[in-house]
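A.B. asks: Given two chains presented individually in distinct reference frames, assemble the corresponding complex, making use of the accompanying hints.
Residue numbers (the working numbering), protein chains in the order written: chain A, 1 to 120; chain B, 1 to 113.
Think of the hints as simulated: they come from the structure by calculation, not from any bench.
Mixed in with the good hints, there may be bad ones.
Calculated lysine to any residue pairs in the SDA-like style (CA-CA distance at most 20 Å, straight line) [unchecked claim]:
| no. | chain 1 | residue 1 | chain 2 | residue 2 |
| --- | --- | --- | --- | --- |
| 1 | B | K56 | A | V108 |
| 2 | B | K60 | A | D1 |
| 3 | A | K57 | B | G1 |
| 4 | A | K57 | B | A27 |
The following residues of chain B were derived to be distant from chain A, with all beta-carbon distances above 10 Å [stated by the list, open to error]:
| no. | residue |
| --- | --- |
| 5 | A17 |
| 6 | K56 |
| 7 | S79 |
| 8 | Q81 |
| 9 | K112 |
C-beta atoms are modelled at their ideal positions from N, C-alpha and C, and glycine is treated no differently.
Residues per chain are reported as follows:
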Amino acid sequence: DSGVTQTPKHLITATGQRVTLRCSPRSGDLSVYWYQQSLDQGLQFLIQYYNGEERAKGNILERFSAQQFPDLHSELNLSSLELGDSALYFCASSVANAPGQGFSGANVLTFGAGSRLTVL
Amino acid sequence: GDSVTQMEGPVTLSEEACLTINCTYTATGYPSLFWYVQYPGEGLQLLLKATKADDKGSNKGFEATYRKETTSFHLEKGSVQVSDSAVYFCALFTYTGGFKTIFGAGTRLFVKA
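One chain only, chain B, in its complex shape (with noise of 0.2 Å):
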């Protein structure tokens, strides 16, 4: 069935270290993917997303690129800040057989100062 495999965490990074979240997904036909961020003591929100191959989700420094032949969509950002620190979540978004989201497991993100 359809998938999302994201890297365990939890990631501790200085502040301005690069960030990289990987994100893979198994899926029938062509979905559209995302990332969503959770802050702490909020609901999830969209980050960004793509929905065909090769296209590049970006938003808040934060870039991901809907890798097809590898089905991937891994999260970068090149300096992170303290304010990153939260739960980021890949999701994908599938109609066939059903309309339905998928979500993985969260990662978790602690950035120090």
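Chain A with its partners taken away, still in its complex shape (with noise of 0.2 Å):
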């Protein structure tokens, strides 16, 4: 068990439909991070946020959208789902963003397990 909670870990909709995933971060990290995981593309990085605040911005599709809440943890919302959208959907959680605030410059990501989104 990594310490990154994600859920649900599987999930199969219609397109068109709209989905919320969520993410707990590891005890301790203010840093969370969104990516997708297709059979063709790899690894891709959607969105980060630090401490409630969106820190980067990725391949983000404008029907994807994304918060952290104060007690940390995040969710990423997908909209208008395609067939394309089908894939895993990765969370990973990291201390820290800046200097001076635990970064030691070796910015470790802690993934949990992903949740697998089918939309037929």
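C.D. replies: Listed below in structure tokens is the structure:
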């Protein structure tokens, strides 16, 4: 158990629907990251939050949104789902995001087990 | 921009064979370098890391040396086991121009008994 908890583990839904994936970071970690892993595109960075604030955006579609709550858990919302959104969605957490805040020069990510989304 | 390139897989080896998975990077500044491993049905986990040039990261018999002159961080193991079958990801972390961790495409390794 990595300490990063993702729910649900599996989700099957239909095109056009909306789903919410949830992530609880490892205790003490302030940063949360979302990644999408599909068979043909490897691991794609979606978005990062640090202590409730958005810090970095990657290849996240406008149909997707995320937030990090005061208790540091994060949710990734996927709407108007398409077949191509079927993938594994990983959440990762890390201790810090900036010098002077526990940053050691090597930002190690701890990953959850992932949420597998199937869109039919 | 910053990027990581690693050799395409799958790589298929017999047990006790030597392993090398190549990884090169492009980055401004001085990134930290990582290898993460993903076992079947699981999330990624850190295998080893190196934070500066000439550092050698090692874990579970795997090694990688941070080569600044060749911008490389190749993963090596002298004798692989069936239990090493997994997907291996090379990654870099940089705080130049914004904090970000960038992953390579991953290399799938199959080890046959």
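A.B. asks: Take the hints in turn and mark each one as holding or not.
C.D. replies: Now for the hints, and whether the structure bears them out:
no.: 1; hint: B/K56 - A/V108; verdict: 16 Å, holds
no.: 2; hint: B/K60 - A/D1; verdict: 19 Å, holds
no.: 3; hint: A/K57 - B/G1; verdict: 15 Å, holds
no.: 4; hint: A/K57 - B/A27; verdict: 18 Å, holds
no.: 5; hint: A17; verdict: 25 Å, holds
no.: 6; hint: K56; verdict: 14 Å, holds
no.: 7; hint: S79; verdict: 27 Å, holds
no.: 8; hint: Q81; verdict: 22 Å, holds
no.: 9; hint: K112; verdict: 23 Å, holds
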